[in-house]
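Let's have the full structure, built from the sequences with the hints guiding it.
In this note's numbering, the protein residues as written are 2 to 278.
No wet-lab data here; the hints were simulated from the structure. Worth double-checking, as some hints may not be accurate.
[As the list claims (entries may be wrong)] Listed below are the simulated EDC-like cross-link pairs for lysine to aspartate or glutamate, each with C-alpha atoms no more than 16 Å apart in a straight line: (1) K51 <-> E84; (2) K27 <-> E84; (3) K51 <-> E15; (4) K143 <-> E199; (5) K61 <-> E84; (6) K61 <-> E15; (7) K51 <-> E81; (8) K144 <-> E199; (9) K3 <-> E113; (10) K194 <-> E145; (11) K3 <-> E84; (12) K51 <-> E113; (13) K68 <-> E13; (14) K61 <-> E37.
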Amino acid sequence: MKLLSIIVLTKENEPEFRLTLDSIVKEIRRSEHLEELEILIIEKNSSYVKNYKINLPRCKVRIISQKSQGIFSGFNIAIENAESKWIIFINSGDILTNLSRIISTTSNTDNENIRMLCFQVENIDSSGKKIGKIPFSYMRSKKEYLIYKKIFPYFFGIGHQGIAFSTIHHKNYLYQSNNIGSEAKIIDSFIEKALFYEIVIAKFNTKGISSNAPKELKLLVKFIIQRIKNRQYYSAYTLIVKFILLKLNLNHLIDSTRYIRYRLMVILFSKLRFLQK
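Spelled out as structure tokens, the structure:
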């Protein structure tokens with residue numbers, strides 16, 4: 002069994018795909034553990050994928066074609082086909098920047114007891130320029146994550162670009178293809194057995210495939226209506242804010258405003274007794 006599967010989803014976005022694969026190949030060539038790695042590409046019968054030359058003789062590369070059924074469906078196919086102890090998702094447009102740290106951490110972690118390793122991610126725009134001075138910190142500890150979920154449920158979770166998942170556990174927790182909250186539910190299930198690290202391992206492209214799911218806005222509207230009907234007004238509010246950000250294409254604002262708001266809330270609410278339970 003391999004140590005790590007690097008999973009790449011691509012859908013008719015050749016420039017972003019090449020950007021991502023170039024970064025992965027560059028990082029793998031620096032590694033002394035090629036035999037321990039595999040690249041698993043989930044694509045939609047795209048000729049540019051098959052034409053991309055990956056010259057890594059000792060690294061296993063597999064390409065799986067699927068019909069366009071959404072990102073989560075592609076994730077599930079990758080999880081089911083992964084032949085490794087750990088998996089990480091680096092989709093078209095995103096950039097892998099620190100494979101050596103991922104390898105050293107996963108190789109020294111028991112994937113049967115630990116379900117995910119959470120690192121940090123930076124935001125970049127479509128030109129590759131860094132957005133904001135602060136790393137896109139998805140959470141720095143389990144305590145901070147749980148506090149934040151109490152304050153802003155259903156809004157932000159931990160992004161897959163910054164996580165190495167235990168394959169054996171993820172195979173038992175697949176995504177619901179038509180549920181935008183599916184990723185957050187899996188994170189919630191894994192959070193009790195997670196480790197956190199302060200190092201940046203990838204760059205998240207705010208214009209990449211991960212942030213441009215075509216069905217996301219329609220699903221958000223559906224869930225907002227459901228929350229209002231169920232009188233879950235605060236939950237509806239958080240989804241409405243996210244809808245506005247996506248609709249106005251303001252994802253790039255999340256990097257700084259979310260971080261500041263989050264840090265202030267953590268300082269205030271971590272002192273409250275009811276959150277310490």
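Tested hints:
The straight-line distance between the Cα atoms of K51 and E84 is roughly 21 Å, outside the 16 Å bound, and the hint therefore fails. About 22 Å separates the Cα atoms of K27 and E84, which puts this hinted pair outside 16 Å; it is violated. Taking the CA atoms of K51 and E15, the gap is about 11 Å. The hint holds against a cut of 16 Å. Distance restraint check for K143 and E199: the Cα-Cα separation of roughly 13 Å lies within the 16 Å cut-off, and the hinted pair is therefore satisfied.
Our distance criterion of 16 Å between C-alpha atoms is met by K61 and E84, whose separation comes to about 10 Å. Distance check on the hinted pair: K61 and E15 sit about 22 Å apart at the alpha-carbon level, beyond 16 Å; violated. Taking the CA atoms of K51 and E81, the gap is near 22 Å; set against the 16 Å cutoff, the hint is violated. Restraint check for K144 and E199: satisfied, since their Cα atoms lie roughly 15 Å apart, inside the 16 Å limit.
The hinted pair formed by K3 and E113 meets the criterion: a straight-line CA distance of about 15 Å does not exceed 16 Å. Restraint check for K194 and E145: the C-alpha separation of about 14 Å stays at or below 16 Å, so the hint holds. A distance of roughly 6 Å separates the Cα atoms of K3 and E84; the hinted pair therefore holds under the 16 Å criterion. Proximity of K51 to E113 is assessed by CA-CA distance (about 35 Å); at most 16 Å being required, the pair is judged violated.
Proximity of K68 to E13 is assessed by CA-CA distance (about 12 Å); at most 16 Å being required, the pair is judged to hold. Straight-line distance between C-alpha atoms of K61 and E37 comes to about 9 Å, which keeps the hinted pair within the 16 Å bound.
Violated hints, in rising order: 1, 2, 6, 7 and 12; the structure is consistent with all others.
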